[in-house]
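Participant: Residues per chain, in single letters:
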Amino acid sequence: MGSKSGQSTTTVKNLPLYAEPFVKDYLLRASELSKTGLSKYTEPTYADQQQEEKDGINRLATRGKNGSPEIDKSIDYIENLLDGEYLTGARAEFTTMVSTISTNNTQSFLNDIKSRLGAKVLLMGDLSNENHSQDLVANTTTRYINRLNAELFKNNYDIERKHQTFGLDYGIPFASQDVKDAEVLRVAGLYAREYQQGSYIDLYSRFYENEALIVRSLDILGNAIRSMVGTQSSKTEPYYRPSPVGSIMGGAMAGAGIGATYGSYSGNPYAIGIGAAVGAIAGYASSR
Amino acid sequence: MGGGSGASNSVVEQNLLPAYAQTYVKDYLARSQTLSKTGYQTYQGLTYAAQDQNEVDGIAALKTRATNGHPIITKGEQLLRDILDGNKLNINPKLNDSYSKKLETLIQQFEEEELPRLDQKYNLVNGYGSDAHQADQAKLAENLMARLTEVGAQLYYNDYVTERGRQSESLGYTIQYGTQDVINAELLKQVGLYIREYQQGSLEDAYKKWMDEQVAITRRLEYAGNSIRAMVGAQSQTVEPYYRPSTMSQIAGFAFAGAGLATSIYSNMNPKISPYAPLYTSPTNPNPGPFGMPATSQNPSPLGMPSINSSYGLGGGGETNG
Numbered sequence: 001m002g003s004k005s006g007q008s009t010t011t012v013k014n015l016p017l018y019a020e021p022f023v024k025d026y027l028l029r030a031s032e033l034s035k036t037g038l039s040k041y042t043e044p045t046y047a048d049q050q051q052e053e054k055d056g057i058n059r060l061a062t063r064g065k066n067g068s069p070e071i072d073k074s075i076d077y078i079e080n081l082l083d084g085e086y087l088t089g090a091r092a093e094f095t096t097m098v099s100t101i102s103t104n105n106t107q108s109f110l111n112d113i114k115s116r117l118g119a120k121v122l123l124m125g126d127l128s129n130e131n132h133s134q135d136l137v138a139n140t141t142t143r144y145i146n147r148l149n150a151e152l153f154k155n156n157y158d159i160e161r162k163h164q165t166f167g168l169d170y171g172i173p174f175a176s177q178d179v180k181d182a183e184v185l186r187v188a189g190l191y192a193r194e195y196q197q198g199s200y201i202d203l204y205s206r207f208y209e210n211e212a213l214i215v216r217s218l219d220i221l222g223n224a225i226r227s228m229v230g231t232q233s234s235k236t237e238p239y240y241r242p243s244p245v246g247s248i249m250g251g252a253m254a255g256a257g258i259g260a261t262y263g264s265y266s267g268n269p270y271a272i273g274i275g276a277a278v279g280a281i282a283g284y285a286s287s288r
Numbered sequence: 001m002g003g004g005s006g007a008s009n010s011v012v013e014q015n016l017l018p019a020y021a022q023t024y025v026k027d028y029l030a031r032s033q034t035l036s037k038t039g040y041q042t043y044q045g046l047t048y049a050a051q052d053q054n055e056v057d058g059i060a061a062l063k064t065r066a067t068n069g070h071p072i073i074t075k076g077e078q079l080l081r082d083i084l085d086g087n088k089l090n091i092n093p094k095l096n097d098s099y100s101k102k103l104e105t106l107i108q109q110f111e112e113e114e115l116p117r118l119d120q121k122y123n124l125v126n127g128y129g130s131d132a133h134q135a136d137q138a139k140l141a142e143n144l145m146a147r148l149t150e151v152g153a154q155l156y157y158n159d160y161v162t163e164r165g166r167q168s169e170s171l172g173y174t175i176q177y178g179t180q181d182v183i184n185a186e187l188l189k190q191v192g193l194y195i196r197e198y199q200q201g202s203l204e205d206a207y208k209k210w211m212d213e214q215v216a217i218t219r220r221l222e223y224a225g226n227s228i229r230a231m232v233g234a235q236s237q238t239v240e241p242y243y244r245p246s247t248m249s250q251i252a253g254f255a256f257a258g259a260g261l262a263t264s265i266y267s268n269m270n271p272k273i274s275p276y277a278p279l280y281t282s283p284t285n286p287n288p289g290p291f292g293m294p295a296t297s298q299n300p301s302p303l304g305m306p307s308i309n310s311s312y313g314l315g316g317g318g319e320t321n322g
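Each protein sequence line maps, in turn, to chains A and B.
Positions 1 to 288 (my numbering) are the ones given, in order, by the first sequence.
Positions 1 to 322 (my numbering) are the ones given, in order, by the second sequence.
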């Protein structure tokens with residue numbers, strides 16, 4: 001179409017006229033409010049970590065690092081069992097028991113039994129102190145203690161072998177305790193980190209909130225304006241209009257035709273030219 | 001609009017809202033505007049419940065429990081430690097007394113029954129104090145030593161074996177007891193968390209109240225905004241242009257039409273051969289048909305049309321009107 005084409009504009013209003021005063025008032029108030037702005041929140045938004053929580057976490061950490069006394073002793077005990085330290089009867093607790101039996105029996109025999117032996121016929125003038133029965137039991141305690149000890153050590157071995165096998169039942173649960181300790185230590189760190197992470201999130205949220213305040217204030221007006229979107233639309237479209245050249249040509253041809261007709265009866269040889277010129281001028285004028 | 005006089009506007013109203021509803025719409029707009037300008041009264045009531053005393057006491061009790069543990073667990077842990085350390089082996093305080101009583105019984109039997117019976121036996125045969133008598137006494141003493149050994153073994157050894165068994169059996173409890181400190185620590189942390197959760201709730205409640213006051217003004221404003229947004233699209237009004245030829249075009253058109261009409265009238269009133277007539281007639285065919293073809297009675301026009309001069313009065317031919 002070039003500069004010779006035309007345009008048409010279509011305007012659509014989707015808001016009743018009687019609503020316009022309300023809309024203007026709404027826009028004005030929204031504008032004023034958006035300039036006033038929203039204030040920042042200055043109060044705390046993340047609660048302090050309580051001392052109990054800190055103490056609990058510290059105790060978890062300590063436990064995770066140091067383990068449990070009972071569990072540590074159990075682990076030592078199981079290791080001793082598995083190492084066979086109880087089998088030989090060399091441990092102090094066993095030898096103490098054996099020694100106690102030996103001592104008590106020896107003392108009892110010597111003090112309460114041996115002293116009662118003796119069946120000498122008392123004869124006048126016999127001053128000897130001979131006691132043959134006591135002589136006969138001189139080595140009795142040692143002999144019986146040795147026999148008993150042999151039996152005790154033998155029985156001890158059998159019993160301790162059972163303990164050794166018994167210890168296997170608990171080997172795995174106790175061997176897993178270091179893993180649990182490590183988990184406890186990790187969890188202690190996790191608890192501390194969770195609180196710290198929460199504080200970071202809170203800080204960021206506050207920062208973001210403050211950043212958004214400006215936009216939110218602005219969008220009070222923006223919201224009002226968005227309400228207006230669609231209330232009125234305008235569409236401009238081109239339409240075809242003959243170009244001046246076309247109009248000149250058309251006018252010239254029409255004028256020439258009229259001039260030819262006129263010349264045919266008037267005999268004016270210039271009628272065609274004059275008609276064409278006048279038609280061209282008229283065509284150009286109509287195109288403007 | 002082209003030339004200023006080329007177009008005009010037409011208004012098309014599409015009233016999508018029934019007429020009877022407009023009253024309500026206007027009322028809605030007016031009321032929402034009034035309401036939106038009304039001052040906001042913040043909520044003065046409580047929005048966060050105070051901690052119940054039972055809750056407070058419960059948390060305090062949890063803290064005490066977590067801090068101090070439980071006596072049963074504490075004692076149990078101590079016992080387990082003693083057992084595992086071997087402190088319960090060979091310490092039975094009743095063993096020696098039991099041993100003494102058994103010894104006393106054996107001595108009594110030995111002294112009151114066995115030795116007199118042996119002495120009586122050798123007295124009857126006048127062998128009292130003989131070597132045989134003394135050898136039998138020694139035998140009795142050895143038998144007593146054997147029984148005494150059994151007593152010692154039964155008491156001390158059995159006690160040892162029993163306690164050793166308990167030592168191993170204690171393994172079944174140590175993990176439970178050994179993890180009580182973890183449970184207490186978790187409990188203590190949980191106590192702190194309970195307190196913190198309540199405080200956090202309080203802080204968030206305060207923030208919500210503050211935020212409510214902040215948005216109250218905007219919310220009021222949006223009462224009006226909502227009513228306005230409800231109107232958008234309720235009624236549409238369209239303004240459209242339509243094309244109209246410009247005045248000059250109309251003048252030119254009328255001028256051309258008038259000139260054409262005038263020349264036609266004049267040409268009929270003054271039939272005169274146009275200097276251009278030979279272009280349209282033939283000397284040999286003074287009565288040509290259209291397109292220079294002869295029009296005969298049998299074939300007046302090649303296209304069956306009447307002769308050009310017959311009714312339109314144009315051109316110069318033999319035939320003329322009237």
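These are calculated hints, taken from the structure and not from any lab test.
Watch out, some of these pointers could steer you wrong.
Here chain A is said to cover these stretches of chain B; the calculated rule only asks that three of the stretch's residues, wherever they fall, bring their Cβ under 8 Å from a Cβ of chain A [to be verified]:
{"id": "1", "segment": "41-48"}
{"id": "2", "segment": "80-94"}
{"id": "3", "segment": "137-148"}
In silico DMTMM-like cross-links for lysine to aspartate or glutamate, where the CA-CA straight-line distance does not exceed 25 Å [stated by the list, open to error]:
{"id": "4", "chain 1": "B", "residue 1": "Lys209", "chain 2": "A", "residue 2": "Glu20"}
{"id": "5", "chain 1": "B", "residue 1": "Lys208", "chain 2": "A", "residue 2": "Asp158"}
{"id": "6", "chain 1": "A", "residue 1": "Lys154", "chain 2": "B", "residue 2": "Asp212"}
{"id": "7", "chain 1": "A", "residue 1": "Lys35", "chain 2": "B", "residue 2": "Glu150"}
{"id": "8", "chain 1": "A", "residue 1": "Lys154", "chain 2": "B", "residue 2": "Glu142"}
Just a few of them, taken from the derived set where beta-carbon distance is under 7 Å, the chain B residues facing chain A [unchecked claim]:
{"id": "9", "residue": "Lys189"}
{"id": "10", "residue": "Met231"}
{"id": "11", "residue": "Gln237"}
We treat Cβ as the ideally placed atom computed from N, Cα and C, and that holds for glycine.
Participant: Interface hint check: B/Met231, Cβ to nearest Cβ on chain A, cutoff 7 Å. Holds or violated?
Facilitator: Interface hint status for B/Met231: holds (5 Å vs cutoff 7 Å).
Participant: Just to be careful, I want the Cα atoms of A/Lys154 and B/Glu142 compared with a cutoff of 25 Å; is the pair within it?
Facilitator: 23 Å, holds
Participant: If you draw a straight line from the CA of A/Lys154 to the CA of B/Asp212, is it 25 Å or shorter?
Facilitator: 86 Å, violated
Participant: If you look at each residue in the segment 41-48 of chain B, do at least three have a Cβ nearer than 8 Å to any Cβ of chain A?
Facilitator: Violated: only 0 residues of the segment 41-48 of chain B have a Cβ under 8 Å from chain A.
Participant: Holds or violated: the hint that B/Gln237 contacts chain A, with Cβ atoms closer than 7 Å.
Facilitator: 4 Å, holds
Participant: Given the hinted pair B/Lys209 and A/Glu20, is their alpha-carbon gap at most 25 Å?
Facilitator: 35 Å, violated
Participant: Given the hint that B/Lys208 pairs with A/Asp158, test it: the Cα-Cα distance must not exceed 25 Å.
Facilitator: With Cα atoms ~75 Å apart, B/Lys208 and A/Asp158 exceed 25 Å; violated.
Participant: Answer holds if the nearest beta-carbon of chain A is closer than 7 Å to that of B/Lys189; otherwise answer violated.
Facilitator: 3 Å, holds
Participant: Quick check: do three or more residues in the segment 80-94 of chain B have a beta carbon closer than 8 Å to a beta carbon of chain A?
Facilitator: holds (count 7)
Participant: Check, residue by residue, whether the segment 137-148 of chain B contains three or more positions whose beta-carbon lies closer than 8 Å to a beta-carbon of chain A, and give the verdict.
Facilitator: holds (count 8)
Participant: Please verify whether A/Lys35 and B/Glu150 have alpha carbons no more than 25 Å apart.
Facilitator: 105 Å, violated
The structure is inconsistent with the numbered hints 1, 4, 5, 6, 7, although it conforms to all the rest.
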